[in-house]
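Participant: Residues per chain are reported as follows:
4 protein chains.
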Amino acid sequence: MGMIGGGPGAFIGEIHRLAANLDGDVQLVCGVFSRDWERTQTMAAQLGIPASRAYRSHEEMFEAEKRLPVEERMQFASIVTPNYQHFGAASDALKNGFHVVCDKPPTLSLAEVETLQQLAAQSGLLYALTFTYLGYPMVNEARQRVASGAIGKVRKVVVNYPQGWLSQPIEESGNKQASWRTDPEKSGPAGCLGDIGSHAHSLAEYISGQRVTHVCADLNTAVEHRRLDDDVSVLLKFDQGANGVLMASQISAGEENGITISVYGEKGGYRWSHVTPNTLIELDQNGPDKVLRAGSNNAYLHPSTLNMCRTPAGHPEGYLEAFANIYQRFSELVDLAHTQVDEGFGVADGVRSMRFIETVLASAKSDQKWTPLV
Amino acid sequence: MGMIGGGPGAFIGEIHRLAANLDGDVQLVCGVFSRDWERTQTMAAQLGIPASRAYRSHEEMFEAEKRLPVEERMQFASIVTPNYQHFGAASDALKNGFHVVCDKPPTLSLAEVETLQQLAAQSGLLYALTFTYLGYPMVNEARQRVASGAIGKVRKVVVNYPQGWLSQPIEESGNKQASWRTDPEKSGPAGCLGDIGSHAHSLAEYISGQRVTHVCADLNTAVEHRRLDDDVSVLLKFDQGANGVLMASQISAGEENGITISVYGEKGGYRWSHVTPNTLIELDQNGPDKVLRAGSNNAYLHPSTLNMCRTPAGHPEGYLEAFANIYQRFSELVDLAHTQVDEGFGVADGVRSMRFIETVLASAKSDQKWTPLV
Amino acid sequence: MGMIGGGPGAFIGEIHRLAANLDGDVQLVCGVFSRDWERTQTMAAQLGIPASRAYRSHEEMFEAEKRLPVEERMQFASIVTPNYQHFGAASDALKNGFHVVCDKPPTLSLAEVETLQQLAAQSGLLYALTFTYLGYPMVNEARQRVASGAIGKVRKVVVNYPQGWLSQPIEESGNKQASWRTDPEKSGPAGCLGDIGSHAHSLAEYISGQRVTHVCADLNTAVEHRRLDDDVSVLLKFDQGANGVLMASQISAGEENGITISVYGEKGGYRWSHVTPNTLIELDQNGPDKVLRAGSNNAYLHPSTLNMCRTPAGHPEGYLEAFANIYQRFSELVDLAHTQVDEGFGVADGVRSMRFIETVLASAKSDQKWTPLV
Amino acid sequence: MGMIGGGPGAFIGEIHRLAANLDGDVQLVCGVFSRDWERTQTMAAQLGIPASRAYRSHEEMFEAEKRLPVEERMQFASIVTPNYQHFGAASDALKNGFHVVCDKPPTLSLAEVETLQQLAAQSGLLYALTFTYLGYPMVNEARQRVASGAIGKVRKVVVNYPQGWLSQPIEESGNKQASWRTDPEKSGPAGCLGDIGSHAHSLAEYISGQRVTHVCADLNTAVEHRRLDDDVSVLLKFDQGANGVLMASQISAGEENGITISVYGEKGGYRWSHVTPNTLIELDQNGPDKVLRAGSNNAYLHPSTLNMCRTPAGHPEGYLEAFANIYQRFSELVDLAHTQVDEGFGVADGVRSMRFIETVLASAKSDQKWTPLV
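Residue numbers (the working numbering), protein chains in the order written: chain A, 1 to 374; chain B, 1 to 374; chain C, 1 to 374; chain D, 1 to 374.
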């Protein structure tokens, strides 16, 4: 793979590299790690990438790599830049014949991601978004069990994603992560909403198997002078009758990254929390809760969940492994010459995600209670 | 005390009796336990109350007790009937010179509770509501610490109250608790909202020290043919700038009674959960979380919290003890001839609670996003 | 009941009173609360006991009470003094025709408790020990399920009882609880061993259904100048083949009162912890763990467990309720004119407990690995 | 690196490969994956290792690799075979100039590991053992804080390592992991003791900073016909006055791999559990517990702990990352041409580990209570 973004000090770029590398199936062969040429060179050297395959721009990278023999050239682009560069990099990759893995959100606007959808369809190339939390084995298990009807029809979805790291105006004192994330030029019109609200939305639909049809949003900016929302509350209606509540906040002081979700059906429910990611609680209205646990040896798990476990129960896997599951699956699909990634991770999901973001933004400005998400 | 309601098989009446009795300061001396005279007699016998002080109606009870010498007669009425009888019993008690402890919600309507407020003011008698969760030591500790500015200005309140016991239409198969709670004649216009949403609202204001000014509500009835809401989601705005999310649901299949609240300020937050009621997590954006624990020997707790603990740390107290704290404090105020109960438990709080309920009901019917709570 | 001990400032006396009173079945009618006559009078006044039934000594109390009409007099003595007074009070009670409830350990020596056993047998009176933890519903549930064979033959028992309150020599600075507990004259030859090790032993046998046959003990005194052990580690062998580890320590700095036990059989196990007393984890080697929960409405629980629950699931009960379960059951047996209390709580269990203590003390002094407990 | 062991279906070999690869600093270049030449070839192909560097024996591998140019040849051997092959492979590696990483236990006997110690000293080569749990950031944090005197002198260490996977005689039905681990020819004279008891011992010494001087052991074999111990209980004395309890069991039915440790000092303690590896509880006898959390951004952590974190707080790391920390540090030491690995991981620790194992075996056979560990 070739990476775009992820220069020295970047958080998510390093995560992508560790994750892509974890199972040994993906090799990082080239990259544009920064808009600063020197930083790209430094990073390439540090990563053991030959100087010849450190590039000044993604355009240059695609041009050069295309000319390499098939077995040598990068197979796909991994886009880990701030949001505003996603679209350009992804569309150019697709136009030049490269598959794409992109960090979420896919683009700054719905229009852009729809363009990507067309490009992907026309090219037959794979486009995947790293909705990290969907890469956790026990999230998959919840989805499979809900789909199997284990808890009956889903009625209620509650997803909370509290973070505290933007409780103070740290973008004003040079925090790099905070700076671009609170800058509408780089992050797009959604702050916390795009950064983590999008994860919460994707997780809610993924596990419940239902799709949001209406939103009623309250967006706030708790920190003075901040230019984007840092706190999001949304009421939800789903297409098969469930309702829900989504909370995402980056001013929940003291919280780390504790996304939790509860999904309730007629007979029971599921609870999953990122703090204890290898555990899924199965609630039963008529009997004791069950503690389902990740583990390659837990035969009661769905085969697709077992596939996502590297270690037997009791040997905790975490964030990198969840991320790696996405890369590993993507790499497998590339090898199998598939033309579509799995539901939840594809360009259509990117379209849904951007539509969700734009609809929530519209709802936040509206005096009407419900804004439809079409 | 004299009890109104709480006949054989009633849940909350038994809880009130156990709680009132727990510390030995309150004695149950008379009662009308049921509208069925035989059941009242049975209950009285069972409770060791002389037959002469089992009454056919609360009117009869008040009349008879008034005529007893002061040191013998009941000092206050404990009202634990279904909601629709609260107002009549409470207003008659106040008119006849008896203090009142009443289960929440105080009445079926705002107008009624405002009448009680006038009666209480005129009579100088005490009127208290058993907002149970406010009786927990660590809820008090959170309130005290927030008030002291420990976490800075409160910005966000998230309160979730999931129950699962009404996931199925058990009111149709004779469940007594479910029957009156889902019957608008007996429960009033609010179902889940009045039953547990009112607790969530009271807890949110009590800990945050802020008051709800606007609500945006989504009320649902998940179970077919049910006549009242069984699921509540509300966005909140508070008077000092916080916003919030309140979820209360009785169709969260598999959940017991796990009310949880998180309150976030500029520097940190507090998390409390009814599942582990003796623990309060103090979140700090710049350091490790602290695990504050109930216990009569934990000198770091607020004096008023220590007052609410009967046992040293590590000897768990629970629901009855929380309830008992309310009775014990009420009994103390009666003895001290106070004319007002503590903030959070008084008739003014009952007024706020009914106003909250009516405003949420109005909001649920409205197409407008925000409905002011005045 | 009449109480012996439990003067102002006593911990366990107050607990016994709250517990005995909780369900309304037991009435405290008289007492000798202190060896100091003034303190006894003060306490009696505070508890609403008539001056005529505050006594100078237990001898005086038994004499006086015997002369009262049967329906007025105390039915049983509740002994909550420091250990060294247990035997005298209990034996006199039995000799005078009164049943006995006594805090553990029953006596200072095995010989003494064997005398009590004879007295109880001769008199046909009830003698019960408040092994508090056996009063928890989920401890009973574990015992019942183990007995039913749910996990197969028990192979391993691990019980840990860490406390931290004696980490410093607080007996030297006037802490009353610490003073008598570290004084061999008042506490007997066992310190931590008698105080909490005895609870751990009783819990281990109660749940496993097996009896300790051999011990290998390491007793330590971590705090300089302390006169009794404050830290206990024991290897155990049981009569049906299980082995075990028992740890009890009062110098586990920072710990509250977190006794935990794990019992493992051929197919699964049970885990219970006093920190979350309403939860029992059922381990299954071939499937997910189950989270069993106390609650009067949890039909999957054993009938005897349901009997011990006052509230529905999700309304936490605690230490006082566990204690109260013991009093309530005792009071029921008195009413039914039984001549024996339930296994786990009786004088035979007191004999076993003292034998355990004496054997552990002997083992601690021995160079031999195993000391038989006959 | 070149790997010895870890053929198809092996558990720990795959873990070593994933861990070594995780940070991209170590490359697997050759190997003898099985004693079966076909399986080695299959594995090599699967791992992308050129056929020319798949070897028939470790002797052949060392010979061949020595002849390669320095920059091409393997730098160190990773030994992941069943125990009985450790010594031969490690001693040959050292004799042929290759550093060694070996899974624990180092050898089958103390004599063997002492030979390795001499070989390592003579050769100036690095020898490291993968005591996995020492690779967790929060284990390191506990060690650093204890060493800094944060809790005063350590008095008590309690380490429990329950597993359930050998509850049934699965070695008789072809389970490969179970077969060699219960076979004295392949596993050595210690079963559960060598497999996981050794981890518990290493963790106890590592965090407490004290060394075991005496043991009193009870070894059991719960499963009929099993040829080695499957359950271990040991009382411990340490060189600076602490005492302890170590439990390791593979017949704790229903348990996964939940090693937990509590270390208590004069003023407080630390609790760490493998089930929640990113959390370290700091107990304080005089104040609330603190919840210390792994995370590259948690400035309150020791610098060496921060070094072990790849992700910010709230992005869980797990078993592979802990393992990878050991490989990464080893690889760094190789690059820096150090001649010793860090305390806890070196050959001297291997010697201590084997001495512990042999002493526990001797103690288990002895009638004397204490057996010295010299």
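Hints are computed from structural coordinates only; laboratory data are not their basis.
Note that the structure is a prediction, hence the values are computed from the model and not measured.
Note that CB positions come from ideal geometry on N, CA and C, so glycine has one too.
Mixed in with the good hints there might be a few duds.
For each label pair, taking beta carbons as the anchor points, the in silico distance ranges come out as [stated by the list, open to error]:
id : chain 1 : residue 1 : chain 2 : residue 2 : range
1  : C       : D25       : B       : S57       : 41 to 49 Å
2  : C       : D25       : B       : I170      : 44 to 52 Å
3  : C       : K95       : B       : S57       : 34 to 42 Å
4  : C       : N286      : D       : K186      : 25 to 33 Å
5  : C       : K66       : B       : S179      : 50 to 58 Å
6  : A       : R227      : B       : G149      : 53 to 61 Å
Participant: Each hint: holds or not?
Facilitator: Verification of the supplied hints:
The given range of 41 to 49 Å is broken by D25(C) and S57(B), whose C-beta atoms sit roughly 29 Å from each other. Checking the proposed 44 to 52 Å range against D25(C) and I170(B) shows it is violated: the Cβ atoms sit about 32 Å from each other. Against the hinted window of 34 to 42 Å, the Cβ-Cβ separation of K95(C) and S57(B) comes to about 53 Å, which falls outside the hint. For the pair N286(C) and K186(D), the beta carbons lie near 27 Å from each other, so the given range of 25 to 33 Å is met.
Distance hint for K66(C) and S179(B): a CB-CB separation of about 53 Å, consistent with the stated range 50 to 58 Å. In this structure the hint that R227(A) and G149(B) lie 53 to 61 Å apart at CB is violated, the actual value being about 28 Å.
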